[in-house]
Amino acid sequence: MATQFRIVSLPVQGMTCASCVSHVETALKELNGTSDVVVNLATNKASLAYDPARLTLTDMVRAVSDVGYSVPATELTLEVRGMTCASCVAHVEGALKELEGVISAVVNLGLNTARVTYISGVVTTSAMKRAVRDVGYEAQERSEGADALDRERQAREDEIKRQGRNLLIAGGVGVIVMIGTFYDMLGPLQAFVPQWLSYKWVIGLLTTPIVLGPGRQFFTNSWRGLTHGVTDMNLLYATGIGAAYGIAVINTVFPSAGFGGEGATFFESAALLTAFIILGRWLEALTRGRTSEAIRKLMKLQPKIARVIRNDKEEEIPADEVEIDDLILVRPGESIPVDGIVKEGYSAVDESMLTGESLPVEKKTGDNVIGGTLNKTGAFKFNATRVGKDTALAQIIKLVEDAQASKAPIQKLADWVAGHFILGVHMLAVAVFVFWFFIGFQLFFDPNSSFILSPYKLGEIGVFGFSLLLSVTVLVISCPCAVGLATPSAIMAGTGKAAEHGVLFKAAEAIENASKLQTIVFDKTGTLTKGEPSVTDVVISKQSAVISSTDHRSLTADHLLRYAAIAEKNSEHPLGEAIVRGAQARGLTLVDTESFNSIPGQGVEAKVERLNVLLGNRKLMHERSVDICELAQEAERLEGDGKTVMFVAVEGQAAGLIAVADTLKEYAAEAVHHLHRLGIETAMITGDNRRTAEAIARQVGIDRVLAEVLPQDKALEVKKLQALGKKVAMVGDGVNDAPALAQADVGMAIGSGTDVAKETGDVILIKDDIRDVVVALEVAKATMRKVKQNLFWAFVYNTLGIPLGAGLFYPFISLIISPELAGLMMAISSVSVTLNTLLLKGFKPSMRREDKPQQGKGQPAPQLATAHGD
Amino acid sequence: MEHEEVEKEVARKSALIYLPISLGVALLFLLVATVFGNYPLVAKIGGTIWVGLLSLIVSMPVITARVKRQAQGK
Numbered sequence: 001m002a003t004q005f006r007i008v009s010l011p012v013q014g015m016t017c018a019s020c021v022s023h024v025e026t027a028l029k030e031l032n033g034t035s036d037v038v039v040n041l042a043t044n045k046a047s048l049a050y051d052p053a054r055l056t057l058t059d060m061v062r063a064v065s066d067v068g069y070s071v072p073a074t075e076l077t078l079e080v081r082g083m084t085c086a087s088c089v090a091h092v093e094g095a096l097k098e099l100e101g102v103i104s105a106v107v108n109l110g111l112n113t114a115r116v117t118y119i120s121g122v123v124t125t126s127a128m129k130r131a132v133r134d135v136g137y138e139a140q141e142r143s144e145g146a147d148a149l150d151r152e153r154q155a156r157e158d159e160i161k162r163q164g165r166n167l168l169i170a171g172g173v174g175v176i177v178m179i180g181t182f183y184d185m186l187g188p189l190q191a192f193v194p195q196w197l198s199y200k201w202v203i204g205l206l207t208t209p210i211v212l213g214p215g216r217q218f219f220t221n222s223w224r225g226l227t228h229g230v231t232d233m234n235l236l237y238a239t240g241i242g243a244a245y246g247i248a249v250i251n252t253v254f255p256s257a258g259f260g261g262e263g264a265t266f267f268e269s270a271a272l273l274t275a276f277i278i279l280g281r282w283l284e285a286l287t288r289g290r291t292s293e294a295i296r297k298l299m300k301l302q303p304k305i306a307r308v309i310r311n312d313k314e315e316e317i318p319a320d321e322v323e324i325d326d327l328i329l330v331r332p333g334e335s336i337p338v339d340g341i342v343k344e345g346y347s348a349v350d351e352s353m354l355t356g357e358s359l360p361v362e363k364k365t366g367d368n369v370i371g372g373t374l375n376k377t378g379a380f381k382f383n384a385t386r387v388g389k390d391t392a393l394a395q396i397i398k399l400v401e402d403a404q405a406s407k408a409p410i411q412k413l414a415d416w417v418a419g420h421f422i423l424g425v426h427m428l429a430v431a432v433f434v435f436w437f438f439i440g441f442q443l444f445f446d447p448n449s450s451f452i453l454s455p456y457k458l459g460e461i462g463v464f465g466f467s468l469l470l471s472v473t474v475l476v477i478s479c480p481c482a483v484g485l486a487t488p489s490a491i492m493a494g495t496g497k498a499a500e501h502g503v504l505f506k507a508a509e510a511i512e513n514a515s516k517l518q519t520i521v522f523d524k525t526g527t528l529t530k531g532e533p534s535v536t537d538v539v540i541s542k543q544s545a546v547i548s549s550t551d552h553r554s555l556t557a558d559h560l561l562r563y564a565a566i567a568e569k570n571s572e573h574p575l576g577e578a579i580v581r582g583a584q585a586r587g588l589t590l591v592d593t594e595s596f597n598s599i600p601g602q603g604v605e606a607k608v609e610r611l612n613v614l615l616g617n618r619k620l621m622h623e624r625s626v627d628i629c630e631l632a633q634e635a636e637r638l639e640g641d642g643k644t645v646m647f648v649a650v651e652g653q654a655a656g657l658i659a660v661a662d663t664l665k666e667y668a669a670e671a672v673h674h675l676h677r678l679g680i681e682t683a684m685i686t687g688d689n690r691r692t693a694e695a696i697a698r699q700v701g702i703d704r705v706l707a708e709v710l711p712q713d714k715a716l717e718v719k720k721l722q723a724l725g726k727k728v729a730m731v732g733d734g735v736n737d738a739p740a741l742a743q744a745d746v747g748m749a750i751g752s753g754t755d756v757a758k759e760t761g762d763v764i765l766i767k768d769d770i771r772d773v774v775v776a777l778e779v780a781k782a783t784m785r786k787v788k789q790n791l792f793w794a795f796v797y798n799t800l801g802i803p804l805g806a807g808l809f810y811p812f813i814s815l816i817i818s819p820e821l822a823g824l825m826m827a828i829s830s831v832s833v834t835l836n837t838l839l840l841k842g843f844k845p846s847m848r849r850e851d852k853p854q855q856g857k858g859q860p861a862p863q864l865a866t867a868h869g870d
Numbered sequence: 001m002e003h004e005e006v007e008k009e010v011a012r013k014s015a016l017i018y019l020p021i022s023l024g025v026a027l028l029f030l031l032v033a034t035v036f037g038n039y040p041l042v043a044k045i046g047g048t049i050w051v052g053l054l055s056l057i058v059s060m061p062v063i064t065a066r067v068k069r070q071a072q073g074k
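So the protein sequences, as listed, match chains A and B. Start counting the first sequence at 1; every next residue gets the next number (the working numbering). Start counting the second sequence at 1; every next residue gets the next number (the working numbering).
Since the hints were made in silico from the structure, they are not lab data. Watch out, some of these pointers could steer you wrong.
Stated by the list, open to error - Residues on chain B that point at chain A, a partial pick, calculated with CB under 10 Å: (1) G24; (2) V25; (3) F29; (4) V32; (5) F36; (6) Y39; (7) P40; (8) A43; (9) K44; (10) V51; (11) V58; (12) P61; (13) K68.
The structure displayed is predicted, hence computed values, not measured ones. The beta carbon of each residue, even a glycine, is placed where N, CA and C say it ideally should be.
Please model the complete structure; the sequences and the hints are all you need to start from.
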C-alpha cells in the first residue's frame with residue numbers, strides 16, 4: 001500500500017541562528033516517517049511531510065522540544081452546548097483530539113466548556129467547532145469576563161426555559177394520558193373525566209405529540225452521534241422512549257400481539273418516560289448552574305464604570321477602558337474599578353470578596369488597592385497600575401476557571417467508565433432480551449405478576465412483550481448521567497468555595513492531592529517567620545547600676561536599646577537594622593554618634609553622648625576585656641530559643657544584652673496545631689543551624705526539622721520524604737521555593753498577594769495568613785468527600801438499578817420495574833448527586849468558624865527584663 | 001470540503017460493514033426462534049427487529065469510529 005504523506009507547517013520558537021535551524025531540521029529528519037523537512041529561520045516555521053501512520057504531531061512537537069526549542073501551543077476555550085453526560089464529554093474530547101494540530105482537549109461537563117490546546121496554523125477554530133458540531137453538539141468560542149458571564153447565564157436560562165417548556169407539555173399531557181389510562185380505577189372521580197379520554201386511540205393521539213415534540217431532541221441528537229460513530233445518553237433515552245411508544249402502537253393496532261392485550265396500552269409508559277427524562281434534564285439545568293455560583297460571584301465583582309479624572313474633570317467611563325496611570329476617584333460605597341496605588345485620601349476597603357479577610361483594610365497614600373473590592377468609608381484617588389486582563393480579579397477568575405475546567409484523576413476514571421457504558425448497556429439489553437425470550441419467560445413468568453408501584457397485571461403479556469419491556473427498562477435505568485456529574489460538580493463547588501476564602505487551587509488534581517496529604521513541609525523564613533529580624537529581648541545587667549552611678553544617669557532597658565541603636569544607626573547589618581527599627585518603634589530619639597567604628601564579624605564601637613558604647617558578640621567582649629559572666633546564663637537561654645544575642649558595654653562595663661530574632665508569623669502555632677488535629681505531620685525546612693531551627697520549631701510545634709538545607713537542596717529533601725511513601729505538601733514563597741513547590745505533591749505558595757499569575761505552586765494562598773493552609777486542606781477534604789459520596793450513590797444506583805431492571809429478582813418477587821419508573825429513578829439519581837454537591841455551599845472551614853480577634857497570639861513581643869529580675 | 005467528503009466516505013464504508021453485521025445477528029435470532037421454539041409470528045418478527053436494531057446501535061458507532069481512524073491513518 002502506498003504511503004499517504006501529509007504536509008504540515010509547524011511554528012517553532014527559540015531559534016536564533018542557522019545552527020538552531022540545523023538542530024531542528026535534524027531532530028525532525030531523525031523521526032521515522034518524515035521527509036522534505038525544511039526549517040525557515042525568518043518565518044520560524046518547520047515545513048515537512050510525514051506519514052500519519054507512523055508518527056503524530058505530538059511526536060514532532062516532542063522532538064523539537066527535546067533539542068531545546070518549542071512549538072508554541074495556543075489555548076482556546078469553546079462553549080459546548082448539548083452535553084448531558086460523561087459519554088458526551090468523551091465524544092467531544094475525542095472529536096477534538098482527532099483533529100490534526102490539537103494537542104489536548106479537556107471538556108468540562110459542569111461548565112459546558114472544552115479547553116483545547118492546539119498548534120495554531122495547523123488547525124483552525126472553525127475546524128474545531130465543526131468537529132464538535134459533527135458529533136452532535138453546538139460549539140462557539142468562549143468570550144471573556146462579563147460577556148462570558150452574560151452569555152453563560154443566557155445559555156443556562158435558555159436551557160432551563162427550553163426544558164421547562166418541554167416539561168410543561170410532556171408533564172401536562174402525560175398526566176392527562178395517565179388519567180385516561182387508569183380511567184377504570186378512578187372510582188367516584190370518573191364523573192369529572194370524560195369517558196372518551198380512556199379510548200386507546202385518544203391516548204395514542206395525546207402521546208404522539210409528547211414523543212415527537214419534547215422527546216424529539218433525544219432522537220435527533222442520538223442519530224447525529226450515531227452517524228459519526230459515537231453514542232451518548234440520548235441514545236438510551238431514544239431507544240427507551242421509541243420502544244415504549246412502538247409497543248403501545250403495536251398493542252393498539254394488534255391487540256393479540258402479546259403486549260397485554262386490550263386491557264393494556266403502554267402509551268402512558270412512553271408519555272411518562274419522556275416526561276420524567278425531561279424532568280431530570282430540567283432539574284439538572286436548574287441545579288448545575290448553582291454549583292458554579294462562586295465564579296459568577298467573582299465575575300459580578302467586576303465593576304462596569306470608573307470615575308476617571310482627566311484634565312481636572314471627572315469622567316465616567318467603562319471600567320475596561322481605563323488605562324494604566326489614569327487617576328481614578330472612588331467615593332464611599334463604590335467599587336474600585338481596577339488595581340492601583342492610592343495617590344491621595346484615606347479609607348477602609350472591604351477586600352473580603354477576594355482575600356477572605358473579614359475586616360476592612362485601611363488604605364492611605366502609597367497603598368495598593370484591588371479592583372472589584374468595595375470602598376467603605378472615605379473617598380480617595382488612585383493611579384491605575386493594572387487594567388483589563390491583568391487585574392488581580394481577572395487573574396483570579398482565570399485561575400478558578402482553569403481549575404474548574406481541569407479534571408481530577410478520579411474523574412478521568414469515571415469518564416472512561418461512563419464513556420464505555422452506553423455500548424455496554426445496549427449489549428446488555430440484547431442479552432436481557434434474548435435470555436427472557438428464549439429461557440426466562442418459560443421458566444419464571446407468573447401471570448399474576450405486576451409492575452412495581454402499578455396496579456397493572458402482566459397476565460396477558462406475551463413472551464415478546466415481557467422480554468422487550470425488561471430490555472427497554474435496562475436501557476432507561478442504566479443511564480450513567482449521575483456518574484458523569486459526580487466529580488465535576490463537586491470540583492466546581494469546591495474550587496469556588498476555596499476562592500471565597502482566598503485559596504486558589506490551580507487544578508482539580510491539586511484538590512485531590514491535597515485531600516490525601518500526610519506531611520506538610522513549611523519553609524521557615526517568610527513562611528513560618530516574618531523573614532525580618534526584630535528585637536525580642538532587652539536585658540540590663542547589675543553592673544548597669546555602677547554605670548548609672550558613675551554617669552549620674554539611671555540606665556534602663558530603653559536607654560540600653562537607644563545607645564545600641566545610635567551606635568548601629570549607620571550600620572547596614574541586618575541585626576543592626578533590627579535594633580534601629582526596635583528603638584524607633586518605641587519612639588526613642590536617635591541622635592548622631594560622635595564617632596563610629598565597625599569591627600567586621602564582631603560588632604561596632606561608637607561614642608554616644610560622651611559615652612563609649614561597645615556592641616557585639618562574645619569575641620568582641622573578650623578582646624576588649626569586658627566581663628560578661630553575669631549575662632552568660634541569660635545569653636545561653638536566649639540562644640537556646642533560637643535568638644541572636646548581642647552584648648552591650650558602656651564605658652567598658654557590661655551594661656546588658658539585646659536579643660534579636662526572626663519573629664513568628666501570627667497564627668503560625670495555631671495553624672500547626674490545627675494541622676496536627678487533622679492528623680498531618682508537620683516539618684520545617686531551613687538553612688539555619690539545627691539549634692536555631694529547633695528552637696523555632698519548638699515554639700510553633702513542628703514535628704520534624706530539616707535544618708542546614710541549602711536552598712537548592714530543598715526539593716531533594718521533599719523528594720526524600722516522598723520516598724518514604726508520604727504525600728507531601730510544600731508551603732513556601734512562590735518564587736524562591738519554586739523547585740521544592742514543584743517537587744511536592746502539592747505546592748502551596750503563600751502570601752502572594754493578588755498577583756496570582758506570577759506564582760508557582762498548585763495552590764495559591766492570597767493572604768499572608770498561614771492558617772489558609774488549613775483552609776486549603778479542609779476544603780480539599782470536603783470536596784473529595786463530596787466526590788466520593790456522589791460517585792458512591794451514582795454507582796449504587798446503577799449497581800442496584802440494572803439487576804432490578806433486568807428482572808434478576810423477578811423469579812423471587814414477581815415484580816418488574818416499568819420503563820417510566822426507571823426514568824423517574826434515573827432523573828432522581830442525577831438530581832440527588834447535584835443537590836448533594838450543593839451542600840458544599842454551606843461548608844465553612846474550622847479556622848473561619850473559630851475566627852475571632854486573637855491579638856498577640858504567636859507574635860512574641862519584645863520582652864524587657866533585667867538579669868536580676870527587674 | 002475535503003473534511004465533508006472524508007466523512008461521507010467513512011459513513012459509506014462503515015454502513016457496508018455494520019448493516020450486514022446487524023442484519024446477520026437479527027437473522028440468527030430469527031433462525032434460532034424458528035428452529036428451537038414455538039413462538040408466535042409477531043414475537044419472532046418483533047424480536048428480530050429489536051435484536052437487529054440493538055445490534056445496529058452497538059455496531060454502528062464501533063465500526064464508524066474504526067473506519068474513521070483508518071481513514072485518518074491513525
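Consistency of the hints with the structure:
1. G24: This hint is violated: G24(B) lies away from chain A, its Cβ roughly 13 Å from the closest one there, beyond 10 Å.
2. V25: holds (8 Å)
3. F29: F29(B) check passes; min Cβ-Cβ to chain A is 7 Å, inside 10 Å.
4. V32: holds (7 Å)
5. F36: At 7 Å from the nearest chain A Cβ, F36(B) passes the 10 Å test, so the hint holds.
6. Y39: holds (6 Å)
7. P40: Holds - the Cβ of P40(B) comes within 10 Å of chain A, reaching about 6 Å at its closest.
8. A43: holds (4 Å)
9. K44: Interface hint status for K44(B): holds (8 Å vs cutoff 10 Å).
10. V51: With a minimum Cβ separation of about 6 Å from chain A (threshold 10 Å), the hint on V51(B) holds.
11. V58: Check passed: Cβ of V58(B) comes within 5 Å of chain A, closer than 10 Å.
12. P61: holds (5 Å)
13. K68: OK, holds: K68(B) within 10 Å of chain A, min 6 Å.
Violation of the numbered hints given earlier is confined to hint 1; every other hint is satisfied by the structure.
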